[in-house]
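2 protein chains.
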Amino acid sequence: MGEFDIIREVFAPLTAATPGAFNLCDDVALLEQQNLVVTKDLMVAGVHFLPKDPLDLVARKLIRVNLSDLAAKGAKPLGYFLGCVWPAHTGRDAIEMFARGLREDNEAYRIALYGGDTTVHGSKNAPLTLSATLFGTPPKQGLTPRGGAEPGDDLYVSGTIGDAGLGLAALKKEFKFTTVDKASLATRYQLPEPRLTFGAALAGLATAAIDVSDGLLADAGHIARASGLAATIEAVAIPRSPGAGAWIAAQQNRWRALSAIASFGDDYEILFAAPPAMRRSVTVAAKASRTEVTRIGSLTRGDGVRLVDENGAEIAAPSKGFDHFAE
Amino acid sequence: MGEFDIIREVFAPLTAATPGAFNLCDDVALLEQQNLVVTKDLMVAGVHFLPKDPLDLVARKLIRVNLSDLAAKGAKPLGYFLGCVWPAHTGRDAIEMFARGLREDNEAYRIALYGGDTTVHGSKNAPLTLSATLFGTPPKQGLTPRGGAEPGDDLYVSGTIGDAGLGLAALKKEFKFTTVDKASLATRYQLPEPRLTFGAALAGLATAAIDVSDGLLADAGHIARASGLAATIEAVAIPRSPGAGAWIAAQQNRWRALSAIASFGDDYEILFAAPPAMRRSVTVAAKASRTEVTRIGSLTRGDGVRLVDENGAEIAAPSKGFDHFAE
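Protein sequences, first through last, are from chains G and A. Those letters in the first sequence? Residues 0 to 326, by numbering that gives the first Met the number 0. Those letters in the second sequence? Residues 0 to 326, by numbering that gives the first Met the number 0.
Excised from the complex, chain G in its bound form:
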């Protein structure tokens, strides 16, 4: 198996004959659109996915975590550049399985591979390391910024929170879920659903948005900081799936459990701010894109993020999200 055979036979078909990709026969690609939104996320085996996760799911997660960044900004995806560093002695079947996952999501999201680089680690124990640079077009209303929230804005989140973190715990057998809950939570960890349609519907409506990757509290902190405001989140308002509900019920301290849910990360939901005058519009946008949306708090003058109980008293958070450099 040669590097050039792999590129020609496994990856070139993923360009879907897009002219600017040159069928992966050149070192560059040509993008002819004006105004591109670009994002880049890395994934490393053992850090962002489990080393035994099926490689087609890993490929799709790589694409989807990047799509999620575009979704929060209201952008429409077009394609991507891919970087793969395989452990030494990776077989062609593994690379083909990875490519099958890419092909599936290329079709699901109508995107194409435009180029990239594929190489091999010096050791078979080095972790599979992946990089994707995704690009798309901004919505005509302009990108939804991270820092545009105003004092008094409501804070909303799509879907449910904490499932991916619990899915990881389920896959690692750290907690015993029902079979149904386990499957559903594991899917949230392995195969996030980027909220592209809903994100596009929020363009011009949300004053600030971010996708929840570092954890609800941490990402609320990013919006608050970028907007020069304080964020308050009502713990009981945080939307939970049945699996998360079961886990919380089994914990000794319900507040600590809610705080953990708000800190896990990897949810890939959209957290956003909008003025109270827009509540009806938010509901319409949510219905039109068949997305559950929950109002979980608000933004006010000040700084920082507070998680509060029903009486408005602050709940001590065990952690404010995942930080790769924290020790």
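Hints were generated in silico from the structure; no laboratory data involved. Bear in mind that the values here come from a model prediction, so they are computed numbers and not experimental data. Think of the CB as a built atom: it goes at the ideal place given N, C-alpha and C, for glycine as much as any other residue. It is possible that some hints are incorrect.
Claimed, not checked - What follows is a set of in silico ranges between Cβ atoms, one per label pair, in the way DEER data are often shown:
(1) G:Gln140 to A:Gln33: 14 to 22 Å
(2) A:Asn22 to G:Pro275: 36 to 44 Å
(3) G:Glu95 to A:Pro53: 52 to 60 Å
(4) A:Gly151 to G:Lys51: 35 to 43 Å
(5) A:Asn22 to G:Gly121: 35 to 43 Å
(6) G:Ala312 to A:Pro53: 31 to 39 Å
We have chain G already, so just place chain A on it with the hints.
Chain A alone, transformed into the frame defined by chain G:
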């Protein structure tokens, strides 16, 4: 040290206040130029650079190997997205040294950081893994393709060939060079010089071009294959530095040594084809950009790459370049 501090304090200044980079405060960047040329190359410690190479040089090599891809196409660089996976427990001083290298080459090539991702391996033994996605604008004559050569075209290469491979051998103490040669060859390995000015001058003049990264023979093969032609390279015509000359003179078999030089890779020179009618224009372009250029062979009907001696007899090549998947 936190991930967000590192981004804000070490990397955000590298955006040079480019508006579309949002000061690295969002998950996306906005590129407003029409027609972008994009390339992406990975580098892994122990594979593409030595684990002990100074981190500022590693950063500059990462930028430069990508600039070299743009150079071969005649493109003008604008900026880049960066992906870094650091070994666990990497200190802030190491990351700052890496960023110093980026800053130096940002200034040298008038480019800026636009975004990216930075994360940490699960183990301190996992190799530093880097990814850069560079973008620029195509020349007004259009990108120099890889596969546009015609039968009868001359084949040229800039600079000298084999130095980076010998530089690696020198750094690994596999051959004893003079102090001067060792320093010069090691620099060719650690800090390639992308041929941006010369590449831009070749736009509309060269019928096909590639930067020499896989090795002269392998990259001549890429041009030949993409053009549907055969390439013939005269071994004695391959341009050599004094250090390479000294190494060849010390080898038992001169032909085998020349063939090795043509297979090492990492030269980051421009290999290109042009019609014989353009010889004078090639000389003018070379002089204008102060670049040494050597005519080393030609392209004819047929396929494959042949390295030949003064009598036109084929020299058996030990290897046709570096292939990461070959075992």
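Quiz item: Cβ-Cβ distance between glutamate 95 (chain G) and proline 53 (chain A): within 52 to 60 Å?
Solution: At 39 Å between Cβs, range violated.
Quiz item: Range hint 31 to 39 Å: satisfied by the CB atoms of alanine 312 (chain G) and proline 53 (chain A)?
Solution: Since the Cβ atoms of alanine 312 (chain G) and proline 53 (chain A) sit about 53 Å apart, the hinted range of 31 to 39 Å is violated.
Exercise. Indicate whether the distance between the beta carbons of asparagine 22 (chain A) and glycine 121 (chain G) respects the range 35 to 43 Å.
Key: Holds, at about 36 Å.
Quiz item: Does the Cβ pair glutamine 140 (chain G), glutamine 33 (chain A) satisfy 14 to 22 Å?
Solution: Once the Cβ atoms are compared, 21 Å apart, the range 14 to 22 Å for glutamine 33 (chain A) and glutamine 140 (chain G) holds.
Quiz item: Quick one: are asparagine 22 (chain A) and proline 275 (chain G) within 36 to 44 Å, going by C-beta?
Solution: violated, 29 Å
Quiz item: Quick one: are glycine 151 (chain A) and lysine 51 (chain G) within 35 to 43 Å, going by C-beta?
Solution: violated, 55 Å
Hint violations for this structure: numbers 2, 3, 4, 6, all remaining hints satisfied.
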